[in-house]
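> Just so you know, the protein sequences line up as chains A and B, in that order. Letter by letter, the first sequence follows residues 12 to 272 in my numbering. Letter by letter, the second sequence follows residues 12 to 272 in my numbering.
Please note: incorrect hints may appear among the correct ones.
Since copy identity is lost for identical chains, a pair holds within one copy or between any two.
[As the list claims (entries may be wrong)] Pairs of lysine to any residue, SDA-like flavour, derived with a Cα cap of 25 Å:
1) K56 x I108
2) K257 x E166
3) K56 x L156
4) K218 x R190
5) K257 x E142
6) K218 x A263
Rather than coming from a laboratory, the hints here were simulated on the basis of the structure.
Okay, here's what each chain looks like letter by letter:
Number of protein chains: 2
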Amino acid sequence: MPVAEADVIAGPDPEDACCFVREHAGNRLLQLVGGCTIDYQGRAKSQLASGERLILLKPDGTLLVHSDEGVKPVNWQPPGTTTTADVRELDGDTRLIVTVERSSPDEIVTMAFDRVTMACAFDIEDWEDLELLGTEEDIQQLLRLHPDLVEEGFEPYDMELDRRRGPMDLYGHDVHGTRTVVEVKRRTAGIEEATQLARYVERERDKHEEVRGLLAAPDVSETAHKYLRDKDLEFCELDLDRLMPKVPQLHATQETLGDFG
Amino acid sequence: MPVAEADVIAGPDPEDACCFVREHAGNRLLQLVGGCTIDYQGRAKSQLASGERLILLKPDGTLLVHSDEGVKPVNWQPPGTTTTADVRELDGDTRLIVTVERSSPDEIVTMAFDRVTMACAFDIEDWEDLELLGTEEDIQQLLRLHPDLVEEGFEPYDMELDRRRGPMDLYGHDVHGTRTVVEVKRRTAGIEEATQLARYVERERDKHEEVRGLLAAPDVSETAHKYLRDKDLEFCELDLDRLMPKVPQLHATQETLGDFG
DNA sequence: CGTGCCAGGTGCCCT
DNA sequence: AGGGCACTTGGCACG
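Please work from the sequences and hints to get the whole structure.
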């Protein structure tokens, strides 16, 4: 297996940096570190005065501009962009100008460097997909398998491949045979989640005599709880500490089933 | 001004890489490129089989793990983490293990490298704040200044420093003196945005005789439009192409005002 | 493609 | 710290 070497150049002049970008953009994972101004125009518009940043250009056309703080890039562009590098005279200096643009929506990010500290490029190949456990989907499926964790006697309909019933997470009937809509959340439910449940239940109440609505979440905000009571809906506390440990088995079971399906 | 040089080492062995991480983590912007497995345990849980990735560790404790595609990091941690580097025997190989953890919530990301292609560290200092134009806040303020763009004769209350009236974007009365709540959106409004307006208006209708509700957005989904009609609410189309160009003046005006305030 | 909705969402501001 | 909400949200699945 060939070890892809990293090309690194320290403190290149604008011309060298420009060639470097042209050579590797859209091809390898390209990095630029240096002082630059950044302008963005597209869905919104932004300007960023000169400062030192790390620029990442992925082979798929993704742009990321990171400052020294925080998770979110200070500027970015989604995959599918095209990159241009040029050298221009600006304020009597020769500068590297890198633009990254895309269409629909039309957007452009322009980076004007007053100094390039480092440029490097390398191949990274990643064939693996992230396996994520503990999503809302996981919790839903657990509750489908163990409906008593929602409420004693609750029995969900099988909506596996029948989304025509609607976007409800769980739909079934309670111990008294009353239709019951359940909206599942993996974290503290707020007013927005309560509203979402209310909307689903309202639709069902238009069609049927009596419909209960349950918001199943590890916690609920006070405002949301009040809203639920106003709308004749209920909160159902989920004990994530008990549920989460069951998730790995669930995934294991599904892999096994996959062998047959 | 001292030019911060980048420290770069290519293909370090695990021990060297370990020292490098210990030396720079939490101090400079640290990068690792190489093949690794990644495990995350915290609010959820994830596993990622061995593949080549770019790891970024910012001085503020932010962790970013990027693969070769997409805007979102495949794993991450927000600022405030602590980093540990160790060398361990695993499957008969000596491997670099880097862990990044934090508390409240308790979370840990563990990276086990089977190869480090490159490690580098450098200082980037960025004192500048992004100036973003065309946010929802901008559009709100424009409409406050030019209420006729919402509707002929609309007059908003001055809620500048009085949030007690509620979280409504705009609140005023129309040409007939009828109370009118306006929810502003910068992009196509969907069912969620319609629901949000409905919630605000419902509260006001509980307190007052007659209240109109306007969803002001560049567009609205069909479902949302229907929902608005059902709830006796209205859609108000915003012409962003006409509004956006006015935003720069708005910001300029506010800077000027800032000189006096 | 539009529309809805989850996300380990993140970040901001307010109480 | 809790809570509501915008975000150049991004990403996916479905009609």
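> Report the numbers of all earlier hints that the structure fails to satisfy, in ascending order.
Number 6 only.
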